[in-house]
Structure formats: C-alpha cells, structure tokens
Amino acid sequence: MLEYIDIKGKTVTADAMHCQKETCHKIKEKGGDYVLGLKKNQRMLYEDVKLYMEENTNEKEMETYTAINKNNGRTEKRTCRKTENTGWISGKNEWEGLCSIFSVERRVVTKNGTSEKTSYYITSLCTSAEKLLETSREHWKIESMHWILDVVFSEDSSAVLSENSLKSLNILRKFALMAHKKYVLSQPRKKAYQTSMFDCLLNNNRLLDVLKNL
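In this text, residue positions in the sequence shown follow this note's numbering: the first is 48, and each later residue adds one.
Honestly, the hints are just simulated from the structure, not real lab data. Wrong hints could be hidden among the right ones.
[As the list claims (entries may be wrong)] Restricting the straight-line Cα-Cα distance to at most 20 Å, the calculated cross-link-like pairs of lysine to any residue (SDA-like) are:
1. LYS229 <-> ASN260
2. LYS57 <-> THR70
3. LYS124 <-> VAL155
4. LYS124 <-> THR157
5. LYS228 <-> LEU208
[Said to hold, decoys possible] For each label pair, taking beta carbons as the anchor points, the in silico distance ranges come out as:
6. ASP256 <-> THR111: 42 to 48 Å
7. ASP256 <-> GLY134: 55 to 61 Å
8. ASN103 <-> LYS158: 30 to 36 Å
9. SER233 <-> ARG121: 15 to 21 Å
10. ASN118 <-> VAL199: 29 to 35 Å
11. HIS72 <-> GLU177: 25 to 31 Å
12. ASN211 <-> LYS86: 34 to 40 Å
13. THR111 <-> SER162: 18 to 24 Å
14. SER233 <-> LEU208: 35 to 41 Å
Here a beta-carbon is modelled for each residue, glycine too, at the ideal position from N, C-alpha and C.
Using the sequences and the hints, build the whole thing.
Here it is as structure tokens:
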C-alpha cells in the first residue's frame with residue numbers, strides 16, 4: 048500500500064507485525080514518519096529496548112507524560128516514557144530515520160480488579176512524550192474498531208467471496224457500529240454494543256431510537 052498512497056508529511060502507525068527495516072525505509076523514502084509497535088518478532092531490539100526502559104539508572108534521560116481517564120467506574124492511567132538517546136542500539140542505522148524509543152504503561156482499575164500492561168515502540172518522530180502517547184492512543188482506536196468488527200459482527204468469519212459484496216457489507220457494518228456507538232454515548236448509562244444490538248433485534252422502537260439519534 049505504501050507504493051500507492053501519499054504519506055508525505057504524515058505519520059504511519061502500525062502494530063508489531065509491520066515493525067520491519069524495509070517498512071521503515073519505505074516510509075521515510077516517501078516522506079513520512081512512523082510509530083511502530085515493538086514485540087518479540089524483533090527479539091533482540093525488543094529485549095534491548097525493554098531492558099533500557101526498565102533500568103532505573105536511565106530514568107533521568109526519560110521524558111514522562113501521564114494521562115488519567117475516568118469513565119463509568121473505570122479508571123485508566125496511561126504513562127508514556129520516551130528518550131531520544133538511541134545511539135546505543137545495535138544496528139540503529141539499519142532502522143531508517145529512527146529517532147526515539149518509548150513505552151506506554153497502561154493501568155486499568157475497575158470493580159473487577161486491576162490490570163497492567165506495558166507496550167514498547169520505535170519512532171522516527173522527535174516529539175514530546177505527550178504527543179507520542181496521543182499518537183499511540185489514536186492507533187488503538189483504529190485497532191479497537193477492527194476488533195469490534197471481528198468479535199461483534201464476526202467479519203473475519205464471513206463466507207462471502209464476492210469482492211463487491213465484501214466491500215458493501217464492510218460499509219454497512221461500520222455504519223451500524225457508528226450508529227450504535229453514537230446512541231450508546233448519548234445515554235446516561237453506558238452499555239455494551241452487543242447489548243444495544245440485541246435490544247434492537249427484540250424491540251423495533253429501540254431500533255428507531257438508534258436511527259433517530261444519527
């Protein structure tokens with residue numbers, strides 16, 4: 048896709064599957080920047096970055112930014128730690144344009160307990176920890192949409208083979224998702240999208256309420 052789209056001046060975000068040297072080179076060649084998730088498919092780089100970010104003695108080199116969101120009994124704390132000190136990375140020059148490495152620590156507290164997760168990234172952006180946290184968050188929103196399309200609408204299980212039919216169904220699913228999301232957000236008490244959809248199947252008036260809210 049990078050061969051056919053204009054990414055000049057844009058930032059490309061992608062998950063760890065696309066964390067490849069060739070991808071970095073192509074993005075920079077076309078005038079863009081990248082923020083790429085880092086996992087064990089790039090084992091040496093991942094382990095080096097993870098160790099560096101966890102080492103307390105490197106804390107003074109880190110810029111940190113924290114955001115806290117509270118919604119319907121759920122508290123999510125996200126902390127981004129970044130550094131532009133990347134000269135120590137083995138084979139750094141093979142990662143075209145690499146400027147910063149950063150981590151995002153997510154701590155979610157609900158009535159069911161607490162969960163914690165840390166993700167690691169490489170980027171060609173030389174920007175603030177706040178901006179990097181915002182960028183990674185925007186990527187998560189896109190990932191979340193595709194997760195809902197798969198889990199709620201069973202898109203990946205579709206047996207439809209016609210390309211035109213697949214495109215049409217994808218548009219309709221995204222329209223339905225947008226309608227339910229807008230309706231759910233307008234209600235004083237939030238509910239799951241699956242619940243909203245099921246309510247519409249059982250009650251035509253509820254379906255009309257969802258459509259009227261568009």
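Inset, instruction - Starting from the hint 34 to 40 Å, judge whether the C-beta atoms of ASN211 and LYS86 obey it. - result: holds, 36 Å
Inset, instruction - Take a quick look at whether LYS57 and THR70 sit within 20 Å of each other, Cα to Cα. - result: Holds: LYS57 and THR70 sit about 15 Å apart, inside 20 Å.
Inset, instruction - Note whether the CB distance of SER233 and ARG121 lies within 15 to 21 Å or breaks it. - result: Holds - the Cβ-Cβ distance for SER233 and ARG121, about 19 Å, lies within 15 to 21 Å.
Inset, instruction - Decide if the proposed pair is consistent with the structure: LYS228 and LEU208, CA atoms, cutoff 20 Å inclusive. - result: Measuring from Cα to Cα gives roughly 28 Å; hence the hint is violated.
Inset, instruction - For the pair we were handed, LYS229 and ASN260, check the Cα-Cα distance against 20 Å. - result: holds, 7 Å
Inset, instruction - Take a quick look at whether LYS124 and THR157 sit within 20 Å of each other, Cα to Cα. - result: holds, 12 Å
Legend entry - Cβ distance range 30 to 36 Å for ASN103 and LYS158, holds or violated: holds, 33 Å
Inset, instruction - Could you see if the CB distance from ASP256 to GLY134 stays within 55 to 61 Å? - result: Hint holds: Cβ distance 58 Å, inside 55 to 61 Å.
Inset, instruction - Kindly confirm whether 25 to 31 Å is satisfied by the beta carbon distance between HIS72 and GLU177. - result: holds, 28 Å
Legend entry - Consistency of beta-carbon spacing, SER162 to THR111, with hint 18 to 24 Å: holds, 21 Å
Inset, instruction - State, for the Cβ atoms of SER233 and LEU208, whether the hinted interval 35 to 41 Å holds or is violated. - result: Holds, at about 38 Å.
Legend entry - 29 to 35 Å as the expected CB spacing between VAL199 and ASN118, which holds or is violated: violated, 20 Å
Violated hints for the displayed structure, listed by number in ascending order: 5, 10.
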